[in-house]
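Residues per chain are reported as follows:
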Amino acid sequence: MSLEIITYPDERLKQVSAPVEHFDGELRDFIAALEDTMRAGPGGVGIAAPQVGHFFRIAIVDVSAMGKLPKKSTNHGRIVLINPEITEWQGMVMGREGCMSVPDFTGNVIRAEKIVLTAFDEQGQSHEYHCEGFEARAVQHEVDHLDGMLFLDRLVSRRTDLFRRKVYEGQGKGKR
Amino acid sequence: MKKHWYMLTLVGKDRPGIVAHVTHALYEGGCHLGETSMLRMGTSFTMMMMVQYDGNVNALRNVLQTEVESLGLHLHIDHIEGGLHQHREPDVRISIYGADKPGIVAHATGALTEAGLDILDLTSDVGGTEDAPIYIMHIEGQAKEGVEALRSALAIVEKEGVEARLTPIDTLVG
Chain W
431 MSLEIITYPD ERLKQVSAPV EHFDGELRDF IAALEDTMRA GPGGVGIAAP
481 QVGHFFRIAI VDVSAMGKLP KKSTNHGRIV LINPEITEWQ GMVMGREGCM
531 SVPDFTGNVI RAEKIVLTAF DEQGQSHEYH CEGFEARAVQ HEVDHLDGML
581 FLDRLVSRRT DLFRRKVYEG QGKGKR
Chain B
754 MKKHWYMLTL VGKDRPGIVA HVTHALYEGG CHLGETSMLR MGTSFTMMMM
804 VQYDGNVNAL RNVLQTEVES LGLHLHIDHI EGGLHQHREP DVRISIYGAD
854 KPGIVAHATG ALTEAGLDIL DLTSDVGGTE DAPIYIMHIE GQAKEGVEAL
904 RSALAIVEKE GVEARLTPID TLVG
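Chains W and B supply the protein sequences, listed in that same order.
With our numbering, letter number 170 in the first sequence gets 600, and the count goes up by one each step, no holes.
With our numbering, letter number 131 in the second sequence gets 884, and the count goes up by one each step, no holes.
FYI, nobody ran anything at the bench for these hints, they're computed from the structure.
Don't take every hint at face value.
To be verified - Residues on chain W that point at chain B, a partial pick, calculated with CB under 7 Å:
{"hint": "1", "residue": "Arg469"}
{"hint": "2", "residue": "Cys529"}
{"hint": "3", "residue": "Asp534"}
{"hint": "4", "residue": "Gly537"}
{"hint": "5", "residue": "Arg567"}
{"hint": "6", "residue": "Ala568"}
{"hint": "7", "residue": "Glu572"}
Unchecked claim - DEER-style ranges, computed between Cβ atoms:
{"hint": "8", "chain 1": "B", "residue 1": "His840", "chain 2": "W", "residue 2": "His506", "range": "40 to 50 Å"}
{"hint": "9", "chain 1": "W", "residue 1": "Asp454", "chain 2": "B", "residue 2": "His777", "range": "53 to 63 Å"}
{"hint": "10", "chain 1": "W", "residue 1": "Ile540", "chain 2": "B", "residue 2": "Ile887", "range": "24 to 34 Å"}
{"hint": "11", "chain 1": "W", "residue 1": "Gly554", "chain 2": "B", "residue 2": "Pro769", "range": "52 to 62 Å"}
{"hint": "12", "chain 1": "W", "residue 1": "Ile436", "chain 2": "B", "residue 2": "Lys766", "range": "38 to 48 Å"}
{"hint": "13", "chain 1": "B", "residue 1": "His829", "chain 2": "W", "residue 2": "Leu582", "range": "57 to 67 Å"}
{"hint": "14", "chain 1": "B", "residue 1": "Ala859", "chain 2": "W", "residue 2": "Pro472", "range": "49 to 59 Å"}
To be verified - Derived coverage of chain W by chain B (criterion: at least 3 residues anywhere in the stretch with Cβ under 8 Å from a Cβ of chain B; other residues may be distant):
{"hint": "15", "region": "473-484"}
{"hint": "16", "region": "521-527"}
No residue lacks a Cβ here, since even glycine has one placed at the ideal position from N, Cα and C.
Based on the sequences and whatever the hints tell you, model everything.
In structure tokens, the structure reads:
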């Protein structure tokens, strides 16, 4: 069952969501519907509960769902993030983001390249995840939703060029 | 009356307040702004604006007549087809720089176009000094024949003494 996505300028997207307290069947049903909604969207690799008008700290990320994943990009497949807390940030990288709640616009956003986070799954089990690259970006994007933040709040100029990051990883042609 | 879309081009000597004055006049005249690009180039200020307006070209020109005269701007108006929400997402970004010399843009874009690049956005600038200027160009576009074809094209462009790098744009939708 796919849920209706609310889109900015709906002010509800700017509110802080509440922690989940009960890990029950109702929660698991909601997560199944949330996942259906994410997978129904074109190219969606993550979704957060407030995007469907449910203001609790729940998100799902699955960057393996993306057709052509950036090379060397490691990921955990489908991760359910309940009451997620990012505990470590490392590095900075600019990348392009869009959002199902912000149709027809993409922009450049700087995110941490690597993060460590803890989150509960839908059974109430606590996990620690080490994420990097595209998956780390997706997690940060979704956790932002739980705090009422959109990628629009983090835009940097399209003319800003911080793409040098890859030069040291062999994408340059060895002239340096 | 049906609303029309126009592309306004305004160019004049740069000075503070151009954007505020021009957009205020447009607003007061009943115009609605769409996508715009406004930047200083050299000592000029340049504006390209999609404007929705329910009158004809002459009426639109009249809306800006006072500002055009007082700010010393050149105004050009085209009636355009299509409106907003026509974005196409780039999947590749290319940066090229090097000692400035004639033909950098022509040669690079020629090779890239042949290799399947559809340019969506290009900005270029000249920095360095008068004696030793450097040319810097950023392109965003769609690689119609894949990224490797563009890399091969850039390898040839680099033989002409410029540095080039290509970065795929993997847009996250969350």
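Checking C-beta pairs, does the region 521-527 of chain W have three or more residues closer than 8 Å to chain B? Per the Cβ count (3), the hint holds.
Interface hint check: Glu572/W, Cβ to nearest Cβ on chain B, cutoff 7 Å. Holds or violated? holds (6 Å)
Taking 38 to 48 Å as the hint, is the beta-carbon distance of Ile436/W and Lys766/B inside that range? At roughly 46 Å between Cβ atoms, Lys766/B and Ile436/W fall inside 38 to 48 Å, so the hint holds.
Take the C-beta atom of His829/B and the C-beta atom of Leu582/W, compute their distance, and say whether it sits inside 57 to 67 Å. Once the Cβ atoms are compared, 32 Å apart, the range 57 to 67 Å for Leu582/W and His829/B is violated.
Interface hint outcome for Ala568/W [beta carbon to chain B under 7 Å]: Holds, about 5 Å.
So, Asp534/W near chain B? Judge it on the closest CB pair being under 7 Å. holds (5 Å)
Using the C-beta atoms of Gly554/W and Pro769/B, is the stated range 52 to 62 Å upheld? holds (59 Å)
Is the hinted range of 49 to 59 Å satisfied by the C-beta distance from Ala859/B to Pro472/W? Since Ala859/B and Pro472/W have Cβ atoms about 37 Å apart, the given range 49 to 59 Å is violated.
Under 7 Å, Cβ to Cβ, is where Arg567/W needs to be relative to chain B, so tell me if that hint holds or is violated. holds (5 Å)
Go ahead and decide if the range 53 to 63 Å is satisfied by the Cβ distance of Asp454/W to His777/B. About 57 Å separates the Cβ atoms of Asp454/W and His777/B, which means 53 to 63 Å holds.
Should the hint that Gly537/W touches chain B count as held when the rule is a Cβ pair under 7 Å? Nearest chain B Cβ about 10 Å off; hint violated.
Taking a Cβ-Cβ distance under 8 Å as contact, does the region 473-484 of chain W have three or more residues in contact with chain B? Our answer is that it holds, as 6 residues pass the Cβ test (under 8 Å) against chain B, meeting three.
Of the numbered hints given earlier, the model fails hints 1, 4, 8, 13 and 14; all others are met.
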